[in-house]
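Visitor: Chains as they are written, first to last, in this note's numbering: chain A, 1 to 356; chain B, 1 to 356; chain C, 1 to 356.
A portion of the hints provided could be inaccurate.
All copies of an identical chain are treated as equivalent in the list; a pair is satisfied when it fits inside any one copy or across any two copies.
Quick list of in silico lysine-lysine cross-link-like pairs, DSSO-like style, CA-CA up to 30 Å [unchecked claim]:
#1 278 <-> 100
#2 82 <-> 152
#3 278 <-> 105
#4 100 <-> 82
#5 105 <-> 68
#6 82 <-> 146
#7 68 <-> 254
#8 68 <-> 130
#9 105 <-> 254
#10 278 <-> 68
#11 100 <-> 254
#12 82 <-> 130
#13 146 <-> 100
#14 100 <-> 152
#15 152 <-> 105
#16 254 <-> 82
Derived by calculation from the structure, the hints in this document are not laboratory data. No experiment lies behind these values; they were computed from the predicted model shown.
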Amino acid sequence: MLNPRSNLPEAFIFEAWYVAAWGEEITRAPLRRIILEEPVVMYRQADGAPVALSDRCVHRAYPLSRGKLEGDNIVCGYHGFKFNPEGACTWVPGQANVPKSARVKAYPLVESGPYVWIWMGDPANADPSKIPDHHWTTDPAWRCIKDMATIKARYALLIDNLMDLSHETFIHAGTIGSDDVADTPIRTEVDGHVVRCFRHMENVPAPPFYRQSTGIATNIDRWQDIEYDVPAQYTLHVRVAPVGAPDEQAFFSKVIYSLTPETRTSTHDFWVIARPAKNARPAWAERSGILSQSTVLGEDLDALEALEENLPAEGGWQELSINNDRGGLQWRRVFRDRYNAGRAAHEEAVLEKLVR
Amino acid sequence: MLNPRSNLPEAFIFEAWYVAAWGEEITRAPLRRIILEEPVVMYRQADGAPVALSDRCVHRAYPLSRGKLEGDNIVCGYHGFKFNPEGACTWVPGQANVPKSARVKAYPLVESGPYVWIWMGDPANADPSKIPDHHWTTDPAWRCIKDMATIKARYALLIDNLMDLSHETFIHAGTIGSDDVADTPIRTEVDGHVVRCFRHMENVPAPPFYRQSTGIATNIDRWQDIEYDVPAQYTLHVRVAPVGAPDEQAFFSKVIYSLTPETRTSTHDFWVIARPAKNARPAWAERSGILSQSTVLGEDLDALEALEENLPAEGGWQELSINNDRGGLQWRRVFRDRYNAGRAAHEEAVLEKLVR
Amino acid sequence: MLNPRSNLPEAFIFEAWYVAAWGEEITRAPLRRIILEEPVVMYRQADGAPVALSDRCVHRAYPLSRGKLEGDNIVCGYHGFKFNPEGACTWVPGQANVPKSARVKAYPLVESGPYVWIWMGDPANADPSKIPDHHWTTDPAWRCIKDMATIKARYALLIDNLMDLSHETFIHAGTIGSDDVADTPIRTEVDGHVVRCFRHMENVPAPPFYRQSTGIATNIDRWQDIEYDVPAQYTLHVRVAPVGAPDEQAFFSKVIYSLTPETRTSTHDFWVIARPAKNARPAWAERSGILSQSTVLGEDLDALEALEENLPAEGGWQELSINNDRGGLQWRRVFRDRYNAGRAAHEEAVLEKLVR
């Protein structure tokens, strides 16, 4: 459901690829994670292929993540039901035959780059070619740092935050913000379910973190080009260069947020920063980069959790939007359309499960 | 809504003056406080005048209290919206014109005595002449001690507690209670939205705290005259004297509670004890007075929080009232009448906000 | 209400005897305990007879358990209302006559064995002859150890756990479980509101705790005969003996759970283990027995609290049942029938209280 007054999305789009985990989080020890309010257990088969199943045993709803692996199967820790990677039960205690309906939902997974992507909707629609672009994380010409955090704020607040970077001037005044971000107008475009926002700041002072990381002492040209593939993947294309300098002297980076709702009011935030391999930095600088981004993210986290607490419990507050919110309004529209489109498919799947 | 079975008020009267803060709590550092479930930010203008605004920015609901002051205006810490003391937005980022509807609710405030009073209803009705009587806190003939606490119990439980002082015999047995409080009948009267209860105890033993504070070793005459200006201001007029002694030998005091609902189940409790200046005591005795009253309040707080927890979650428990509850029943009636009267005004204001 | 999809009981049967406390828990100091969501205060009269009253004063809902005893009566700690063991008010402050309706619910109690049994429904139906069989706790031929815990899991999850001991193979693999429990089929029968399940395992390895407690080094015959008197009393009859050995060489024990719902999602679990007095063990062995059973119970508690958390907040999950669940399905049916039968009686009692 969309909030009728603020138009802020309060529902989940199920028919989409989300990041479920970093590849290295999924091992032979079952991992439990709540995604779109559904408990999911993830593990690897003997050959390394990742598996995601509903983390509620079909028998008595026990978390399968508290069980153990037997080869490629997972054994429930309560009564021993065994499930294969497709979610089919292969053994039940005390009887030879296994009921046909003994099956837990298996979620399509695709491992690519540092990510394991999960399809939360009808598995029949899980088309890997629709996984959002993340080639910077797989292209050897780019190097990445990354981390994740689960934030106690609803998904839509994080997206809103990222779609209107004018907040950098205020929330991130001491790190990556400067007055120019708020003052420079943006241009937006919509391309399918991708929303783009362009903000090009010419001849502006460099904020503290950029002076540090680039070493540029003069004013800079600073570009922030947002590409948000609704609902789950957000990429910020950054270009920083001395005023008027050509691309060869510019510093490029990609700030990539993969956002996965955990519950109605909390969100998994997987972030990556990619830089050209030719700008490779020593290990200490990479660590320092993680610290810097964690500082910036910490500023957002602090603000977003305070904002989440400030929303009226009964929902339905009034918003007011301005020119800077064009990106914010575009993503609301694209989200609503994609939500309405996916809703039919998901409701059918739920219905099917109910009458099973 | 009023509880249909216990008749215990469970709603808020918006069309009324409440104490929002002590004067010294409001400074150039924004103060956030929840009042009648609404988040309010308070600060002082350069000339010292106090300001109260909705603590939800009109743009994206961020708490203004996390921003900073610029002269007499407050700047949102998220995207920089600026608001003047009337709640009108004076600047938005990225564009020259400010939308007319960019406005947060401004609450009328009046600073008087140690209090800053807030009007939670329609500002058009905020008549300062209707601020409850609190002249003992401003009259130089009286000296005050004071403190505040936020109690995890609904407003009505605090009022009920104060309107039936027979509880002193039990909750405050070791401090200000004696058997006579519960046993002496009361007389009540209603005067507009003021409820009065009179309890005059003649020739009774002095409870421990009164022996200490007055030094009277014999039996006493003890009067407890309650004046409750529904909903927010409660004054207890105390007279303690040796048996049959004239006013010149009597000790007078005013115990003043200003009660402001925070949420449905918690309440800000601002208390003042006023004594004639001619009975002025040394500083240590004043401090001891604060401690004594805090002890008494602590006994109530402990009881009221246990009572709040004991109420059935689904609401609607049965009460039984006796003669001693005449004050308790009168305030319920006056509250209900004032609530119903104010409701129309408040609902109109809400409606207006909705269609804005 | 019964969950329409899982058929898992989510309601309380009021018309039944439950264990409210161990005898020694009820003293001259009032004890508060929540039972079937109702706050109950328990204490002993001067002659030792136990009393259970509603822990909400009829006047202003204060917990009577915060008051004190005066002879056989309890005095409310707020305004001094006094109640006798039948729940009738005998004194109110400030007036001579006591209103006839001044009465709190008194719950019928029966003390027997280590237990104090409470009847939560209409007192007129409280027939002591219907208290579940617990003669092993009173018969001098048996010796008992016991303890209690309040578990953060709904009542039905505990019963389900106990009615399908195949979980021992998995949850209790290191203590009392072995593969044979899950693999051996069960036989069930229903006798009024008693459900019985029989599982006889012949010539099977002894699980660790049984090897320890019996000293049998060889394979064993192991019988688990369940007798569940719906809703409150569960007895497991255990027989362990060397393969083919007669009763004289067998070890017998009774594992008795008295389960009393606290809230919708938490349960008081009173457990007793009885052994023949002729097998009496030294004190250290009894203490060790308590530790062993606490270990086993701790394994269940850990699993059941994780399961409770894993249930969808909105309720209504799908279950799948197999042969081993015959006991689990029988108790659901018996519970539903007894619930429906008792419902009429309870609803009438509630109605009566409402129109009082």
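Visitor: Could you check the structure against the hints above and give me the numbers of any it violates, in ascending order?
Guide: 1, 3, 6, 7, 8, 9, 10, 11, 12, 13, 14, 16
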